[in-house]
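This is what each chain is made of:
2 protein chains.
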Amino acid sequence: MPSDAIRAALVKRLRISSGITDDDVKEIEALPIVVRQFPAETPVVRDGERATDCCLIADGFCVRSKTIASGKRQILSIHIPGEIPDLMSLFLHVMDHELSTLTPSTLGFISHETLQKLHRRSPGIAEMFWRDTLIDAAMFREWIVNVGQRPAPARLAHVMVELRERLKLIGRAEGNSFDMPLTQEQIGEALGITAVHANRVIRQLRQEGIVELQRGRVTVLDERKLLELADFDGRYLHQSPML
Amino acid sequence: MPSDAIRAALVKRLRISSGITDDDVKEIEALPIVVRQFPAETPVVRDGERATDCCLIADGFCVRSKTIASGKRQILSIHIPGEIPDLMSLFLHVMDHELSTLTPSTLGFISHETLQKLHRRSPGIAEMFWRDTLIDAAMFREWIVNVGQRPAPARLAHVMVELRERLKLIGRAEGNSFDMPLTQEQIGEALGITAVHANRVIRQLRQEGIVELQRGRVTVLDERKLLELADFDGRYLHQSPML
DNA sequence: GCCCGGTTCCAACAAAAGTTAAGGACGCCG
DNA sequence: CGGCGTCCTTAACTTTTGTTGGAACCGGGC
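So the protein sequences, as listed, match chains B and V. By the count of the numbering used here, the first sequence reaches residue 255 at its end, each step adding exactly one. By the count of the numbering used here, the second sequence reaches residue 255 at its end, each step adding exactly one.
Any given hint might turn out to be false.
To be verified - Below 25 Å or equal to it, Euclidean Cα-Cα: the simulated BS3-like pairs (lysine-lysine) are:
1. B/Lys-129 x V/Lys-129
2. B/Lys-84 x V/Lys-237
3. V/Lys-180 x V/Lys-84
4. V/Lys-129 x V/Lys-180
5. V/Lys-84 x V/Lys-237
6. B/Lys-237 x V/Lys-84
7. B/Lys-180 x B/Lys-24
8. B/Lys-129 x B/Lys-237
9. V/Lys-38 x V/Lys-24
Don't read these hints as lab results, they were simulated from the structure. None of these values were measured; they are calculated from a predicted model.
Model the full structure from these sequences, guided by the hints.
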């Protein structure tokens with residue numbers, strides 16, 4: 013994938029979540045980006061590392077996670093093409109969590125230096141990126157609620173609905189199915205439950221005819237039931253720049 | 013409390029988490045701030061509301077929370093004097109969660125308009141505030157891990173140690189005790205457990221001689237055991253501006 | 001085609017957490 | 001100073017989730 017396609021994905025994303033002017037687009041199109049391929053299940057930036065670049069997903073699925081002393085891992089967010097999962101490293105230089113790929117991925121890297129200069133030059137773009145990191149934080153808040161207050165089946169439903177919502181925006185959730193390339197182990201890590209329990213919950217949703225989940229792909233069987241179970245209110249995604 | 017004292021608290025805080033220049037201090041000291049008193053247990057900004065100001069805690073404890081359809085509430089963060097708990101509203105205009113007081117509080121309000129102008133004028137201050145919102149997000153990430161992966165006693169210990177760490181920075185955690193003005197109900201809401209279970213966990217920590225908790229005040233009985241249980245690594249607080 | 005490793009799936013049992021219910025402590029207000 | 005409400009406390013019981021261990025399935029590499 014040429015770096016032009018990556019820029020296009022970013023612009024598309026920013027167009028949705030923030031207001032973007034033609035001048036901004038030109039600035040972004042002039043950004044030097046280094047493209048690299050990563051295999052599946054590979055760390056991109058490690059916890060404790062000092063990042064010098066921000067990473068833009070051109071293709072593939074990534075997750076952010078933290079591992080505690082006991083060895084347990086918590087997945088904090090799932091990322092899809094067009095997103096910049098480690099924009100925060102721009103001002104929080106040493107990573108407090110890990111970014112890794114789920115599937116084979118194409119990532120674009122933009123140096124912190126370049127971005128910092130860009131911000132000084134165009135405060136509008138800085139604000140757009142700032143807003144992006146704030147939406148990130150809003151998603152963390154909802155993730156806390158999910159893990160803290162909802163029963164396990166609702167947690168899974170919520171993650172599915174959120175992911176589908178975001179995939180729709182980039183045109184990757186047509187019909188009633190979409191990709192969610194996590195193993196049951198990883199689903200457990202995302203929901204704060206064990207893999208065994210994740211399996212139970214998946215089976216339950218299948219038996220109740222709500223969703224089918226196999227080989228990293230979700231098929232929605234009963235839209236109504238899914239939405240009711242997920243208790244989903246997309247306001248926290250802040251998809252309209254005017255709100 | 014005069015608004016000068018509030019400004020001083022803010023400057024003190026920014027001095028710790030970011031590099032702040034003398035010019036920045038002057039700018040902040042010139043900021044128009046409206047001071048208001050709030051009783052305990054009172055909403056300051058409600059979920060779904062459109063905020064026009066950012067709120068600075070001069071005195072008192074506040075929390076941010078989200079309530080789901082079933083009526084369950086999740087506390088997302090605890091805030092102490094010197095912090096700006098709703099800085100995010102600057103770019104995420106409609107609130108996706110609630111900010112409310114725990115104790116009677118003195119809050120200072122700065123209008124979004126004022127802040128936006130300030131950012132355009134001094135990008136350095138903008139970056140400082142941006143960094144502040146990023147630390148906020150880092151704390152959410154750790155909160156996810158706490159609620160998702162740690163057993164209940166460790167969750168409580170972790171929240172206590174984090175709060176103490178932050179209180180130390182503003183000189184409000186001398187000796188082996190500090191304020192944590194949450195009811196057991198609220199502790200449950202913070203940890204993602206019920207009030208009854210929160211009580212069990214508190215009793216357990218008391219019986220094991222780790223901490224005593226009464227009337228909103230924590231007394232540490234066994235520092236070693238507490239730290240071990242909490243599994244605390246303060247890196248996520250990003251306290252040094254150089255890191 | 002067949003083996004191998006990782007997933008998925010499942011059951012039985014153990015532990016953690018939720019629910020319900022009720023008594024006691026404490027502070028506030030009349 | 002007494003009553004009332006909130007919070008804390010505890011017990012008994014239920015439900016959810018974790019643990020252990022094992023079998024079936026699947027895909028890729030030899």
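Quick rundown of the hints versus the structure:
1. Only pairs whose Cα atoms come within 25 Å are accepted, and B/Lys-129 paired with V/Lys-129 is accepted, the gap being roughly 20 Å.
2. With a CA separation close to 20 Å, the supplied pair B/Lys-84 and V/Lys-237 stays within the 25 Å bound.
3. Among the hinted pairs, V/Lys-180 with V/Lys-84 is inconsistent with the structure: their alpha-carbon atoms are about 32 Å apart, more than 25 Å.
4. About 33 Å separates the Cα atoms of V/Lys-129 and V/Lys-180, which puts this hinted pair outside 25 Å; it is violated.
5. As the CA atoms of V/Lys-84 and V/Lys-237 are separated by approximately 32 Å, the hinted pair breaks the 25 Å bound.
6. Taking the CA atoms of B/Lys-237 and V/Lys-84, the gap is near 20 Å; set against the 25 Å cutoff, the hint holds.
7. Of the supplied pair hints, the one linking B/Lys-180 and B/Lys-24 holds, its CA atoms being roughly 13 Å apart against a limit of 25 Å.
8. Only pairs whose Cα atoms come within 25 Å are accepted, and B/Lys-129 paired with B/Lys-237 is rejected, the gap being roughly 49 Å.
9. Straight-line distance between C-alpha atoms of V/Lys-38 and V/Lys-24 comes to about 13 Å, which keeps the hinted pair within the 25 Å bound.
Checked against the numbered hints above, the structure violates hints 3, 4, 5 and 8; every other hint is satisfied.
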